[in-house]
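Given chain A, put chain B in place with the hints provided.
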Amino acid sequence: MGTMNITMREALNQAMAEEMERDETIFLMGEEVAEYNGAYKVSEGLLDRFGPKRVWDTPISENGFCGLGIGAAMTGLRPIIEFMTFNFAFVAMDQIINNAAKTLYMSGGQFSVPMVMRGPGGAAAQVGAQHSSVLDSIFAYFPGLKVVSPSTPKDAKGLLKTAIRDDNPVIFIENELLYGVSGEVPEEEFTIPMGEGAVRAEGGDVTLIAFSRINHMLLEGIPEFQKEGISVELIDPRTVKPLDLDIIARSVSKTHRVVIVEEGHRFAGVGAQVADEIYQRCFDDLDAPIARVTHAENPLPYAKHLEAVSLPSVAETIRAAKAVLYRA
Amino acid sequence: MATAANRKGRTSNLGERRKQPITLKTLKPRWKRAMEELGREGLVALYRQMFLVRSFEQRCEQMYQQRKIGGFLHLYMGEEAVGVGMLAAIGKDDYVCTSYRDHGIALARGIASRTLMAELFGKVDGLSRGKGGSMHFYSKEHNLLGGHGIVGGQIPIGLGAAFSAKYRDSGQMSLIFLGDGAVQQGAFHECMNIASLWKLPAIFIIENNQYGMGTSTSRSSAVQDFTSKGPGYNMEAIMVDGMNLLDCYSVVADAVAVRRKKPKPLLIEAKTYRYRGHSISDPATYRKKDEIERYRDIDPISQIRSLMAENSWLDEAQAKELEREVRDEVVDAVNFADESPPSDVAERGQHVYAE
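If you read the sequences in order, they're chains A and B. Just so we're aligned, residue 1 is where the first sequence starts under our numbering, counting upward by one. Just so we're aligned, residue 329 is where the second sequence starts under our numbering, counting upward by one.
The shape of chain A in the complex, shown without the other chains (with noise of 0.2 Å):
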C-alpha cells in the first residue's frame, strides 16, 4: 500500500474531489471557491472539474449562504460550506446554532443537516484580533454540531470524507499556517472516523493533549523537553467533538500527569473541559493537578512580539511539564 507526499491543502482538496465524484448531491459553496480557486487555494481545479453547478462562488452573505447550506441539506443535498476563514462563521452564527444544530432535535427527528462548515481557523501570522480567533470551544459547546480540528495531511483527508459523509452538521476547522505543512497520506481510498485521537509521540513522564497545529510544535519541541529530562506522550484527539477520552485515560493512566495545550483562550475553553473529563474518569490516576497552556486572555495583538508572548510555546509547556512533576 503506498502513500503520497502531499500537502494539508492538497489532502482537503483531494477529500472534496473523491466525495464529489462519489455523490452528486454534494456540492461546495462560498467566497472565492469557483473562479479565484479558493483564498487558500483548498478548493483548487474543483470548479473546471465539476462545472458551476457543483462549485459556487457567493456574495460575502455568510449568514445567508450558510443558511442557504442547512436548508439544501434538509431537502435532499449534502453541502460543504467554506467560510474563507472561520472569523466570517460569527456573521452565520444564529443559522449555525439555531438551525443547523437545533433542526434535527426540534424537528423531533424528522429534518437532519447533513451538512460540512470548513475553513481555517486559528492565529496565522500578525492578522491581527479579528482574523486570529480559535473557535472550538465555542460550536463543541452546542449539541448537535461535530466538531473536528485535524493536524496532519492523512488526518484532513481521512477526517474530511467522514465528515462529508456524516447526517450532521461538521464544524471543520483548519489551520491556516498548516495548509502548505506535508505528509504521508495513503494512496488508496480512506476514511478516518470521528472520536478516535492519535499518538504523536510516546513516553512516559507527562501526557500533553493538543489540537491541531499544536501538536506541530510541540513534536518540533520535544527535544526541548528532552533537554530537561522529561519524556512525553502527545496526544492529539483530532475531533474535538466527539472527544477520544479512552485515548488520553489511557495515556494518563500511565504518566499520571497531564498538560493540555491549546491555541484558544483559557476561559471555558476545549482545555476547561478536557480536564473536567480526565478529573471525573481518572482522579485517581492523577499525581497532580492538571495544568493548562493556552492562548492569553487577551485579543491576538497585531505586533510580532505580543502575538508571541499571547499563543501557547514550548517554552511555557515545559514549564507547566515541570509544575506537574513538581520539578519547578
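Just to be clear, a hint being listed does not mean it is correct.
[To be verified] Calculated cross-link-like contacts (lysine to any residue; reagent style SDA-like; alpha-carbon spacing at most 20 Å): (1) K356(B) - I626(B); (2) K53(A) - S498(B); (3) K590(B) - P52(A).
Simulated from the structure, these hints should not be mistaken for laboratory data.
Quick look at chain B alone, frame taken from chain A:
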C-alpha cells in the same frame, strides 16, 4: 401580472378611507377568476380552513389559560387569508417555511389539528414528539421546514430549499413567510440578493401585520411600502390585500404557474392585521380599539362567508353546520392531545445527533 408600481396605493392603510368587505359587485377580474378556478367546493374548503385556524387558536388561548400549553404562543388570528389563500395555490411537493407565528401555516399545509395540538401540549403524538412547541412546527411529510423562533432565521432556510429544488431540477417552489419585522434583518437582504442573482424559485411573502411586537412599521421602517424592496434586488414585487383570500390565492397561483418552468423569485407584501398581541402575554395596549375594529370590518373569514352567501354557495344554515363541524374537530384535537401520553423521559436524549 400586476407590478408594484401600477398597484401602489391600491390597498388602504390606516389613516386612509375605511375599507369595505368585498362583494360580487366589487370583485376584480383576477378574484373572479380565482373564484371560478376554486369553484364552490374549493372555496368552501378554504373557508373551512380559515375557520379552522381561527377556532384552533381560540381554543389555544383557552388551553394556555388552563396551562395545558406553556411557553410562548403567537397567534395568527386575523391573518388567516394569507396562509390559507397562498398555500392553496401551491402543491404538496413545494416547500414552506415561516416564523414562530406558524399555527395557521401548519394547518393550511394540511397538518392534522390533532398532531398540532398534541405538540402544543408537549405530548408524544405531537409533530416533534413535544420537543418543538408552538414556535417550531416541522413536518417532513408536508415539506414544512419550520417554525422559526429567531426573526428572519427561516429566510435562508427557505432559500436553501429553493436552491435545492433548482439544483435537482425538480420544479418545486419554496414559499418563505416572514413578518414585517424580519424585513429589517440582514438575512432578508442577503437572501433577496442571492435569490435574484441565481434565479431561484423562491417566493418571499412579507406578512405585514404592521407591528413588530409593539413597534409599528412607521417607527421601525424608513419606508412603509415593502414592495419597494424588490426593485433594489432586481426582483418583481407585488402588493396583495392580506385580508382578502382571493387576492392572496390568485397572486401566488399566477406566480407559481410562470415560475415552475422558469425559476425566478418574487416578493409579495400582504398587508394584514393580527387581532391579538404579539404573543399571548402581550395585551397590545399600543393599539387603539378603533384600529382593530376597522380590520374586523374586513375580517378575512367574514368576507368570504358573506361573499359565498351572496353567490348562493353557502347559506346561513350550511355555514353554521360547517362551523359546528370545525369546532367539533378542534374539541377532538384537544381531547386527543389531552389523552396523548407524555413522551418517555428518554425522549430528551433522542435526535440530538443523527445516527
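message: What's the verdict on K53(A) and S498(B), does the C-alpha distance respect the 20 Å limit or exceed it?
response: Distance ~15 Å between K53(A) and S498(B) Cα, so the pair holds.
query: Given the proposed pairing of K356(B) with I626(B), does the C-alpha separation stay at or below 20 Å?
result: holds, 16 Å
field: Straight-line alpha-carbon gap K590(B) to P52(A), limit 20 Å
entry: holds, 19 Å
In this structure, none of the earlier numbered hints is contradicted; all agree with it.
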